[in-house]
Every structure is written in C-alpha cells, then in structure tokens.
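> Chains as they are written, first to last, in the numbering used here: chain A, 112 to 416; chain B, 112 to 416; chain C, 112 to 416; chain D, 112 to 416.
Check each hint, because a few of them may be wrong.
One copy or any two copies: either way a pair holds, since identical chains are not told apart in the list.
Stated by the list, open to error - Okay, derived cross-link-like pairs now, SDA-like style, lysine to any residue, Cα gap no bigger than 20 Å in a straight line:
#, residue 1, residue 2
1, K190, A354
2, K188, S414
3, K251, Q117
4, K114, P215
5, K141, E263
6, K114, E240
7, K381, S414
8, K381, F192
9, K381, N412
10, K270, G287
11, K141, D165
12, K188, A354
13, K270, N292
14, K381, L328
15, K331, Y126
16, K394, F192
Rather than coming from a laboratory, the hints here were simulated on the basis of the structure. Being a predicted model, the structure only gives us computed values, none of them experimental.
4 protein chains.
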Amino acid sequence: MEKILQQIIDDNKKYAEYGNVATYIPELRKANKNDLGICIVDMNNNIYEAGNCDKKFTIQSVSKPITLALAIMDSGKDKIFSKVGMEPSGDPFNSIMKLETSKPSIPYNPMINAGAIMITSMIKGKNNEDKLNRIMSFFKKLSGNENLSINEEVYMSEKLTGDRNRAMAYLLKGEGVLTENVDEVLDLYFKQCSIEITVRDLARMGVNLASHGVDILTGKRLIDEEVSKIVKTFMVTCGMYDASGEYAINVGIPSKSGVGGGIMGTVPNKMGIGVYGPSLDEKGNSMAGIKVMQGISQQMNLSIF
Amino acid sequence: MEKILQQIIDDNKKYAEYGNVATYIPELRKANKNDLGICIVDMNNNIYEAGNCDKKFTIQSVSKPITLALAIMDSGKDKIFSKVGMEPSGDPFNSIMKLETSKPSIPYNPMINAGAIMITSMIKGKNNEDKLNRIMSFFKKLSGNENLSINEEVYMSEKLTGDRNRAMAYLLKGEGVLTENVDEVLDLYFKQCSIEITVRDLARMGVNLASHGVDILTGKRLIDEEVSKIVKTFMVTCGMYDASGEYAINVGIPSKSGVGGGIMGTVPNKMGIGVYGPSLDEKGNSMAGIKVMQGISQQMNLSIF
Amino acid sequence: MEKILQQIIDDNKKYAEYGNVATYIPELRKANKNDLGICIVDMNNNIYEAGNCDKKFTIQSVSKPITLALAIMDSGKDKIFSKVGMEPSGDPFNSIMKLETSKPSIPYNPMINAGAIMITSMIKGKNNEDKLNRIMSFFKKLSGNENLSINEEVYMSEKLTGDRNRAMAYLLKGEGVLTENVDEVLDLYFKQCSIEITVRDLARMGVNLASHGVDILTGKRLIDEEVSKIVKTFMVTCGMYDASGEYAINVGIPSKSGVGGGIMGTVPNKMGIGVYGPSLDEKGNSMAGIKVMQGISQQMNLSIF
Amino acid sequence: MEKILQQIIDDNKKYAEYGNVATYIPELRKANKNDLGICIVDMNNNIYEAGNCDKKFTIQSVSKPITLALAIMDSGKDKIFSKVGMEPSGDPFNSIMKLETSKPSIPYNPMINAGAIMITSMIKGKNNEDKLNRIMSFFKKLSGNENLSINEEVYMSEKLTGDRNRAMAYLLKGEGVLTENVDEVLDLYFKQCSIEITVRDLARMGVNLASHGVDILTGKRLIDEEVSKIVKTFMVTCGMYDASGEYAINVGIPSKSGVGGGIMGTVPNKMGIGVYGPSLDEKGNSMAGIKVMQGISQQMNLSIF
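The shape of chain A in the complex, shown without the other chains:
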C-alpha cells in the first residue's frame, strides 16, 4: 500500500511546477512549493504514509467543515441554515456579489468565506476565549492530536491582510445577518484558519467522518450521524471552491481543500485521507494534491458515485 502511495506521489510531484504558493497571506509564501505528502488512515486505524508527511502547515479552509459540525451540534440544523444557505454558488470562495443579489442576503453555503465566518460567529461560548477553547478542543478530539496549536505568525498575517473578509463580515452585519462583534468574530476565524496540522491530522479527522462521527479509536461519538452526513455533502457540492463540480467528477471523494495546501478526504465507511502540497492552482486548490487524490481514487476505486 505505501508503495502505491509513494508511486502516486512520485508521478504527480511534477504538477507543483504549474501552480504557486498562496501569496495573499504573506506568511504562506514561505512554504516549499515542491513539498508533497499523503497519509491514509483506514477504519481499522491502519496508517499509510508517503512523501512529506511530517510537514506542518496551517489548516485554512479545511477547518470550515469541522467548525460547521460543531456549530450544528451547538445550535441545531434549523437555526444554522436560517443564517447560511445550502447551495453551491458557482463563484470564487471570496466572492461578495451573491450576498447582494440573493434574497435573503445570507451566504450561499458554509464553505465560502462569508458562510464560514457566519458559522464561526455561531459557535457557543461565554466569550471569545471560551469559544476558541471549544473550537480547539473539538479539533483536538477529532484529530486525536492533543498538541494542535495556532501558528501565531500566520494568524497575525491573516489579521493584517484580511480586509476582504472584514468587508464580508461588515456586509453581513449591515444586513442584520451577523449579530456578533465583527472584530471578535474575525479574530476567532483567523485563529481557526491558523491551526497548524500535518496530513496525519487531516487523515484522522477524515476517517472519523468516514465512520459517521464515531471515533475509530475510542468508539466514542464525536459528531452526530446526521451532522456527519451534512458535512460530507457540503464537501462534495462545495468542498473544492468553484472547482468542486469538476473534482467530484474526476475524484468522487468528499473533500475539503485549503490555501495552506491541505486536502482532507473522507471515503464513507472506508478511510480518511490527508494530502499536503502548497503549490496552488488559480482557484486555490493544491495543484499536485488534486492529482494525487485523483490517482488514489482511480487506483482504489473510491468514487462514491
């Protein structure tokens, strides 16, 4: 198995050349463009790895489905989806336009930035610190990694350059959709995006979604079954930004990507997959990472369709 993974890594490393590391958050520019790593964890906790599987990187948008799960468990499906829609938007992740043209003026879905910011604003807690602790605790449990922490440089960098996210939040505030303090919500959101992980963390979170929310190690339920289904559905319909449709066709595995270069995949009842390759295509997905996912899906016949 690890031989197969190594082969897939070797075959697809070249695609990194055609992309670029994210530049809009200055700290992300420091990534090594040619890194490529993978980890698979199956339902029996077998772990398979290849490539740069120890590299740490920030989770970025891969955090969106996880925080969504926590928010639904906090407030219930009805409340959450009165504030954020369920439809793919066909637009880039940071698009503002549909916020204006659609009625009601709620974000199209929780995977675009506007929607993810709304979701973060609905995480429960006495204050922002408490909310952050609850988020961190949830990520730690789901990844089985007690040592998860925030990359302070990336967090500061996001905060300094997050004007477009600020614009979205103020627009939502102006529409009366977002009711919390904008600065606090964004602070929380930037921190959530700056959690530092490895492909192993992603694979383990993925397998705990594949198991419909039951921790494969402890047998404890971490996510309600229905919530885990909701999360995986969004990963198919809007997990790869405005390339989700093409990815669903070519790969067919519920997945979420982030501009840090990570991809988390989850094959229901089978396995979780973590991939890291910081060279991005123009839509913000890992260039070589997508190719690796495609290779794995085809070789192991993992498409859900």
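We have chain A; now place chains B, C and D onto it with these hints.
Quick look at chains B, C and D alone, frame taken from chain A:
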C-alpha cells in the same frame, strides 16, 4: 416493501397543496395536481410500486443526464466539456446571466437549460431526424420500453413558448459556442423534453445507472462505466436545479427532476427510483416528490454520504 | 472656421492608429481606418466641413435617438417608457445581464441594443414595409436628404451575424415585453442600422435637434419640443455606450455614436455636428472622432455644463 | 417670483405622503415628513424663498459633489480618476456588486457611496483633524455661511450604523485602491455627511457652481472652471442615484440629492436652487422635492437640454 411505499405516498400527498403544476408550458397545466406515484426497481429486477404509477407524463429535464451520457459516448469527455462546464451555478435553470459574466462563455453545466441545449446540439446524426432516432433509441434501450414516444401536444406547446430557450441558443450561437442551426437544435431539444414516460421508465433508467451502465436485464453495457459515474455526479451537484445542495443534504441520492413532475433517482449498486408528482415548488421540483424521496432515503438509509 | 476644423482633423488623425474598424459585422471591416471627416451646420444653415466629409457609411446606433423620437411621437411618452427604462446601465451596449436581474425586465434605456430593438418594435405601421417607409421618411426629413437609402451589403451582413441581437429579442419576447414577431422586428432594426449617410446628414439631423425639433430650413416642426429634449438627454446620459460619463465630462455635447464610425452631436440653440472616423476604441466609439469632438468643444466652448 | 415658488410648494406638498423619512440612519427618523422648503439664489444674489426654508437638516450625499471639487483641486483630475470612474452605474447608491465584477476594481463614479468614500480618502491634510478643517472651510466658503457645523447626533448615528459603508471601504482597502486607514476615512466621511444646512446654503453653493466656480458675492474664484464643469456633469449623469436618467429627462437641471431630504440644483449661468423635503422615495430622493424641481424647471424653462 410496497406497504412502506404506500405509507410514504399517503404521508406526503398533502404537500402537493403547497405547489402548482407548471404553467410556462401551457400543455403542462392539464396535469392533475394531486397525482403522486412511485416505482422502485432493484438490481435483481424486483419492481415495487405505489400510487399513480401508470400515469404518463413528459420527461422534461430528466432527459438531460440521459442525453448527456449519449453525447459523451458520441464525442468523448474532452470535447463535450470544452463546450459545457462542470460546476453548479447557484442560479435558476433558465438563467442567462452567467453566460455573460463567465469566461469562457460556455454554460456552467449540462443540467441547466443552456448546457442541455449545447449537449443536444452535439448528438451525432446525419440530419435532425437521424439524431432524433438515435436519442429515442437510447431512451428506449435504457428504459427497456420500446413504446416510448413523443407527446405531440406538449412538443408543440414548448415550441410555441420556448422564447427564453431560443434566447439562450442564440446567445451561445453569437458567442461561437453553438455551431449548429438554432431552430434545428431547439426542435430536437423540445422533442427530447416531450418524451412521454411513467415512473416505471424512470426507475428502470435509474437502476441501469445504479449498475454503472450495464442493463440489469440483459447484462449488456449501455453506458460506459466512467460516463455513468459522471452522470450521477452531475445529478448530485446540479440535478435538482438551484435546490440541489439542500436536496443532497436531506436526501443524498443522485437524482434529476423535471418540470413535468418526474424525479429519477439512482442509488449506486442498489436501485433506481421513479417518482411523479406534478405539483412543483418555486424552483421547479416536484413538491410532494421531494418529500417522498426524503422519506425513502431515511427509511431505507440510502444516502450515499 | 473651416481652417479651425481642418486643424482639428489634422491634429487628431493619428488617434485612428490606436483603434480598429468594427469586425463583428463583416461588411464594416471594409472601411478605411484612417478616414476622418467633420461637418458642422449652425442654426443659420451655415455649413462648415473638413476631411473626408463625402464618405458614405452606415448610421448604426446613431439611428437610435432618431427612431426613439419617432416612437415617442407615435405612442406617447408614457407607453414608450413602460417598455424601456430611462437609466444609464453602466454596461456595454450589447449586455444582457441587467435584463435578467432588474425588475421589471425591461431594457434599461433606449440607447443599448435591447432598448433600441424594443423602440423599433413600437414604430407604427400597417406592416413591416409600411413601418420601414415611415422610418425612412422620418430620417429623410430630419436630414433634409431625400436620397437616403439602405446599404444592402451591410444589412445582409448584420442579418447573418445578428445572433446576439436575436438573443435579446427572444429574451424580451419570453418576458412578454416584446409582443411583435421577432424576425420582423429585427429585420426592421437591421435595416434602420444600415441606412447610409455622410457627416453632412448627421450634422443636419443634429442641428434640427439643436433647434428643439423645428427644421432650420423650412421652419416646419419635425419633432415635438419635449421629445427633442428627451432625445438630447439620453444622448448625454447614454449616448456614447459605457463611456458616456467620461465623454460628458471631456466634451459636454449631447452626442450619439455608432459602430459605423459616426458621431452625431447637437449643441442646443447653436449647431449640429457630424463626425466620421471608423477606427473604434474598445467600447465601440470612434477613436479619433471623440478626440475631434473634444477639440471642437474646447476651442468653441460648447459644453452645456 | 416668491408667489410662484409658494404655489409650487403648495401644489406638491401632497407627494410627501407617498414616501418615508430615511430610517437606516436612526437619527434621520426624527425629521418632519411634511416639511417642504425651497430657496433660489440667482447670479445677482437675488434670494427667493418659500415653505420651510429655515429648517436645518444634514447634507448627506449632497456633500459628494462639493468634496469631489475639493479633491480634484487637491490632487488633479488624473490622479482622482485613476481611483474612481466616471460612468453612471445603473445600480443603487450603496451597491457593492460592480466593485467586484468590474476591472479595475474602482468605484464606478464619485456619487455612489463607494466612490464618495474614495474621494474623501484623497482630501489632503496633515491628519484627520486637518482634513476635516479643510473640508469644513471649503463648505463654508462655498455656502457663504461661516456658521456651518456638524450635527453630532446624526454623526454618531451614522457611525453606529455604517456597516455597509465599512464593508465597501474594506473591500476597496483589500483591493489596494483605498490606501488610508479605514476607520479614519469613514470618520471623516460620516462627519462630512452630517454637516447641518438649510436650503439657503444649498442654493448658494448651487449658484457658485452656476457661475462656474466664481463666488457671486466676492468675485473670488472658489472652484476651477473645469472642475465646476466636471461636478455639474456628474450631477446630471449620477446625481439622483439610480433615478438620474429619469430626473434628467423630467427636470434637466444638474442636481444632487441626499437622504437627509435635500436637493441642490445648479442652472449654469442662471441660478442655484436648494430644496428640502425629508420624505424619500424608494431610491432615496426627496419625494416632493423632485416634484418641486420639476415644477420649477417647467415653469421657468430651465432644462439645459
């Protein structure tokens, strides 16, 4: 099993009240708003039915994934997707806007009208009659129903009132994307939409997609395996117009609806489902039909996620 | 005076280099890119000319304000503006998007193609031939040129390549805004756009608008005073496509341009101006023609602001 | 003359019924919906008044053309219009959409909020206090009213509820168009909008634009002639929000309205007009105020077209 289906029909019949039969094609107004029927065909050709399962209705947009399969087999995936995109659009099925704002100016996906018209224009044939014969023959084989035919009244009605589809076709022609004669392409498209079917026909087409393209009766391959996967993926990401995301969450079965009131569902490796309920919600999906699909999915645990 | 005009022509001829003759109507490609001519007719019928003032070219969009005047006199201001709006759109002349997003779905104004097609559809007449005769007769009276005729090659070329205009017309038809036969309306519209003129014709039409609708030669009223004001207002707010705002600032003369290379200007109570320069900028306005208008406005202090 | 004005006030007072005072800035709700006042100042400093001509109200968007004049004189036409466009947008004053779809991502014009915020950000000054002093000083000179001051309640109310303006500013900041500190720019902008005036102040500012920038009392040049022309042009093409086109046709006087209920009109070489009527139509213009302007224009034949 049929008892369960009957129960689901009985439970959801009331939802027809909240919708309306399609009015934009005058002939469709003649439908009986309260009709509701279902048919399931499993991989062993067991057939289960309940409700108005003998009612004939026109296939409308449910024809889109089928014609797409034929077109991909005719011309290859690369050619087809150079003319039609793969992404959900977040817009209504007859939206024109994205044709203008997106570059290249190709339809977002083959499930919206503009995309489906492009797909029909790429069906091979010596002339329009030959193309129609090829389309009809494909629908007959896939449904196992040699008697499929076109409802002439509906076809004439669509032709008379199809100005918005004409607008889309001319826009695509003006952009150089559509290269065939507009009148001929639309004539073919209106005929394809006017094929008359029952829920049994839908269920059988659905099960032949569930079997990855092999006819469950004859064992003959009707659709390439990869093509059948592509078709099912589009049914998840854009099969229910701009309610596809919500439907994927609540139902989780690859499905395609039409304004005639039909829904075709396909559960990979398990079954095909046909539902008919002509009372539509504002997005163009069968009001009670969606509820029936939701009931079936939950009772039988059919979500693919 | 003619010396001044000659100087302005000489100074601005070079700008033709930076543009291109229209290509989307094949016949228009035959124009000589470097032609540049001007004619001014003042209220006392003094005529001043310089450059290629005898060149014939097709009127194209410069016909829009003239046909608008006829339509308002045919049906009244209220009826006309229930079908076409009064607002500049900020979009290119052939944009379709706002037809979809705005409610009601009427064209933003009569100077964009969709609006002009609607206006032409409201010209009165027993049949299309009668309508054409009425249009031609109005253009002849307003220009004082009994010999105006249609360039058949350009007309055929527009007809062959007018798919985008067809798209707009069918969209308006589908919305129930356009009620006439689409093919007939477009035939009339393409003919109206193919009327062959010289800068002298434009200048004379312009001066008859400057005189608030009274023929400066015969003293006969050709256009109602209020209608002439309406027409001039549209020439300021939307006469130069989506460069109207900039043009109003730099030139300040009510003007209408066409992709044939013509510009008709009208300085209230003072003069009419015709300019011809077929090399267009990317918005569809005569490249050198705009510079000539700017030169005249500044030298003679003609801005209405 | 004052009899005519009184008659026009009496005739149009009823229209206030069909509108509402602005509610999105809470302080503005306190206005008396039925107030209606007018002041005209001609080039010889004759002053004519009728109705509630002593009522104080906040200037709101009527400040936009004035600040624009100052900004152009501060930095030059080229610099200013590299950051803000010249075209009417066809969209509501607080629209964000075109900021996203247009390239470059600069506001369409200085009369919509996004553009006006950019203009305010370009006013020169050592610090925000100095900038405010320069703005106030310019408004005082132009209105000949040394006592102009800021309504602190309205300013605080705008600041508290200005989230949509914040969204625009952060979007412009994120695009690199706005380079100043967002909070400081908005503070300045909210103060500029909260300047308290009467119709007399508006009429005097209007007449000093009618005189092409020369103070009609002192003979001193306050605004460059070209700048005064630019400002009046914007008042025609985008002075009345997305009703500018209709207003230009029905009134034909360069004008600017504000949600405080004010309208400033300027008839080149003739007069300045100030109108106040806080009951607004749905586009944000004074309901009765527009009718008053229409009455004046028709009775005195003031249209510039």
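> Next step is simple, just say for each hint if it's right about the structure.
Status of the hints after comparison with the structure:
1. K190 - A354: The answer is between: 19 Å across copies meets 20 Å, while 28 Å in one copy does not.
2. K188 - S414: between (27 Å within a copy, 18 Å between copies)
3. K251 - Q117: The answer is neither: 28 Å in one copy and 46 Å across copies each exceed 20 Å.
4. K114 - P215: Answer is neither; intra-copy 51 Å and inter-copy 40 Å both fail.
5. K141 - E263: within (14 Å within a copy, 48 Å between copies)
6. K114 - E240: The answer is neither: 44 Å in one copy and 54 Å across copies each exceed 20 Å.
7. K381 - S414: both (11 Å within a copy, 15 Å between copies)
8. K381 - F192: neither (29 Å within a copy, 31 Å between copies)
9. K381 - N412: both (12 Å within a copy, 17 Å between copies)
10. K270 - G287: between (23 Å within a copy, 16 Å between copies)
11. K141 - D165: Answer is within; shortest intra-copy Cα gap is 17 Å, inter-copy 64 Å.
12. K188 - A354: between (26 Å within a copy, 17 Å between copies)
13. K270 - N292: both (15 Å within a copy, 15 Å between copies)
14. K381 - L328: Only inside one copy: K381 and L328 sit 14 Å apart there, 30 Å across copies, limit 20 Å.
15. K331 - Y126: Answer is neither; intra-copy 40 Å and inter-copy 39 Å both fail.
16. K394 - F192: Between copies only: 18 Å across chains, 26 Å inside a chain, cut-off 20 Å.
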